[in-house]
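Quick note, the sequences are listed as chains A and B, same order.
If you want my numbering, it's the 1-based position in the first sequence plus 221.
If you want my numbering, it's the 1-based position in the second sequence plus 30.
Treat the hints with caution; some may be incorrect.
Capping the alpha-carbon separation at 25 Å, the derived lysine to any residue pairs in SDA-like fashion look like this [unchecked claim]:
id, chain 1, residue 1, chain 2, residue 2
1, A, K315, B, E111
2, A, K316, B, T120
3, A, K230, B, P135
4, B, K161, A, Y236
5, A, K450, A, L415
6, A, K315, B, K140
7, B, K161, A, L233
8, B, K140, A, Y236
9, A, K315, B, G166
10, A, K230, B, T225
11, B, K315, B, T225
12, B, K98, A, V330
13, A, K315, A, I241
14, B, K153, A, K316
15, A, K316, A, N224
16, B, K136, A, L233
17, B, K161, A, L415
Please keep in mind that the hints were generated in silico from the structure rather than gathered at the bench.
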Amino acid sequence: MRNIWSLVKKELRAYFSSPIAYVIIAGFLLLVGYFFYSLVAWFNAAAMQMAQNPYYAQQVNINEMVFSPLFHNMIIILVLVAPLLTMRLLAEEKKGGTDELLFTSPLSVGEIVLGKYIAALIMWTIMLGLTALLSIFAFAYGNPELAPWLTGYLGLFLTGALFIAIGLFFSSLTENQIVAAFLTVVTLLLLLVLNWVTSSGGGGWRTVLSYLSFSDHFGDMARGILDTKDVAYYLTFSAFGLFLTHSVIQSRRWR
Amino acid sequence: MIEVRELTKRYGELVAVKDLTFEVEAGRIWGLLGPNAAGKTTTMRILTGYLPATSGRATVAGYDVFDKPDDVKRSIGYLPEVVPLYLDMTVESYLAFVAEIKQVPKAKRKAAVARVVESAGLKDVGRRLIKNISRGYKQRVGIAQAMIHDPKVLVLDEPTIGLDPAQIREIRELIRGLRGGHTILLSTHILPEVTQVCDGVVIINQGRLMASGSLADLAASFEKTDGVLIRLRRCGAEEAGLFRGLPGVEKAVVEGDEIRIEWSRGRDLREDVARLALDKGLGLKEMRSVASIEDLYMKIVSGGLEQ
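With the hints as extra help, turn the sequences into a complete structure.
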């Protein structure tokens with residue numbers, strides 16, 4: 222456990238002692254801030270019109286009209302940002318020869334993988350925490366419901382956890398960071414749209430592919446529906462990504 | 031302290047190390063000598079637990095490398111061929127990180143960093159980023175990280191490669207200074223490094239053991255020489271002819287700015303050669319045996335000698 226923490230600290234220092242962390246956080250906040258602003262502006266205009274009609278006035282809901290689409294937009298940004306967080310984690314160690322230091326230290330492969338994973342997850346948590354500050358305005362000047370908001374943020378956190386596990390896996394496959402990042406983007410985009418296959422009919426393999434996509438699982442949570450099935454999906458596939466990373470490193474050493 | 035028994039490592043079809051057996055006593059500096067691609071790095075990677083062997087056994091500080099890898103890793107300090115540095119860290123924070131993952135107790139970490147900074151001569155660069163220091167300093171940081179947990183055994187892979195002559199001397203001095211306190215195995219493809227720094231040597235080529243033993247033992251086995259190279263004030267055909275007339279001499283030829291004199295095996299004409307040079311007033315400047323560790327090494331490297 223102490224070993225994992227040593228590695229987490231080292232990775233966080235690597236993020237923050239280079240421009241990586243600042244550039245990624247600033248860019249992410251800029252995009253999320255813009256989306257939030259335009260959604261709120263649209264919501265204001267729409268709510269004003271809907272309030273004219275007693276039937277529509279019932280349906281004005283800031284959670285559904287601002288937060289849910291905002292969360293979906295954040296996932297799209299994350300598809301592009303997560304690979305930037307993960308691409309260097311293992312690829313850089315291999316390229317620089319520093320993996321030889323790690324693997325000849327009394328650390329297990331599992332500790333190394335977990336240390337890297339947790340560090341990237343902390344980065345994502347920091348980024349999420351900063352975007353949550355935007356919501357303070359919505360809570361201060363409006364009356365959104367807290368529970369669906371929290372569920373949405375849990376969904377964002379879990380989706381990030383899955384993306385980082387996938388990114389870490391691709392970082393273990395190559396010593397080229399660009400290859401690692403690109404393969405991650407391709408995989409994440411595929412997982413994003415895999416549920417489209419059900420639009421031309423359900424059943425059989427279509428259902429399986431659709432289950433593999435995170436879109437429906439995240440969609441539930443972004444709407445405020447907390448289902449253990451969705452949480453189980455994220456935990457299972459994140460753990461599977463870490464397991465694959467562990468196996469890749471082990472097998473490379475034994476070849 | 032280091033024991034290797036019939037160690038073999040294959041990468042698919044390629045045999046990198048074959049049936050390698052050698053031993054290094056505690057407190058000694060031993061050289062692992064061989065040309066490039068002889069299997070030096072592979073051997074060291076197996077000893078340090080970075081790579082598993084295909085077959086054979088190795089023990090370090092009494093622990094089996096395969097059964098007790100963590101105990102071995104705690105007893106060994108390792109400088110890989112490519113120094114494993116995080117360029118964005120300062121020298122001190124890097125050493126502190128290595129102390130952490132080598133499981134130096136928290137209370138002792140500061141002292142451990144200070145100790146290796148002192149002994150590796152890093153005081154002037156402690157707070158600088160590693161990417162901004164010179165190659166020679168980087169190599170010292172590499173040696174410092176290997177010593178941070180005060181290991182019994184140091185494994186140094188080509189510790190002087192890529193350095194300028196002054197830096198090479200400094201690093202060799204640094205390593206010599208560690209004699210006694212640590213058992214050191216260092217690899218090199220340069221013979222003078224072994225003769226200047228090491229107590230003994232393991233010579234390998236194409237993954238196979240060619241010779242091993244203390245330098246004194248190896249030197250003794252080459253005491254019986256069957257030829258010398260001499261340097262005189264003037265080394266011409268005329269001088270060579272004088273030596274050809276010496277009883278027992280079979281050959282005396284000019285070789286560059288030296289004369290090579292050879293005689294039949296079993297005799298020793300070194301004193302006769304020297305006396306002739308002095309008597310004739312030829313201005314003897316240097317005389318050395320043809321059969322030296324260097325010759326042995328050259329034969330091994332050129333593939334002219336099979337054990």
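Hint-by-hint comparison with the structure:
1. The suggested pairing of A/K315 with B/E111 holds, with an alpha-carbon distance near 14 Å, which does not exceed 25 Å.
2. With a CA separation close to 20 Å, the supplied pair A/K316 and B/T120 stays within the 25 Å bound.
3. The hinted pair formed by A/K230 and B/P135 meets the criterion: a straight-line CA distance of about 17 Å does not exceed 25 Å.
4. Under the criterion of a C-alpha separation no larger than 25 Å, the hint pairing B/K161 with A/Y236 is consistent with the structure, at around 16 Å.
5. Restraint check for A/K450 and A/L415: the C-alpha separation of about 18 Å stays at or below 25 Å, so the hint holds.
6. Restraint check for A/K315 and B/K140: not satisfied, since their Cα atoms lie roughly 28 Å apart, outside the 25 Å limit.
7. Distance check on the hinted pair: B/K161 and A/L233 sit about 19 Å apart at the alpha-carbon level, within 25 Å; holds.
8. Between B/K140 and A/Y236 the CA atoms are separated by roughly 24 Å; this keeps the pair inside 25 Å, and the hint holds.
9. About 23 Å separates the Cα atoms of A/K315 and B/G166, which keeps this hinted pair within 25 Å; it holds.
10. Of the pairs offered as hints, the one joining A/K230 and B/T225 is violated, with about 43 Å between alpha carbons and a cut-off of 25 Å exceeded.
11. Between the alpha carbons of B/K315 and B/T225 the distance comes to roughly 22 Å, so the proposed pair stays at or under 25 Å and holds.
12. Under the criterion of a C-alpha separation no larger than 25 Å, the hint pairing B/K98 with A/V330 is consistent with the structure, at around 15 Å.
13. At most 25 Å may separate the alpha-carbon atoms for a hinted pair to count; A/K315 and A/I241 meet this at roughly 19 Å.
14. Straight-line distance between C-alpha atoms of B/K153 and A/K316 comes to about 29 Å, which puts the hinted pair past the 25 Å bound.
15. Pair hint A/K316 plus A/N224 holds up; C-alpha atoms about 22 Å apart against a cutoff of 25 Å.
16. For a cut-off of 25 Å, the pair hint linking B/K136 to A/L233 stands: about 20 Å separates their Cα positions.
17. Using a Cα cut-off of 25 Å, the hinted pair B/K161 and A/L415 is violated, with the two alpha carbons roughly 44 Å apart.
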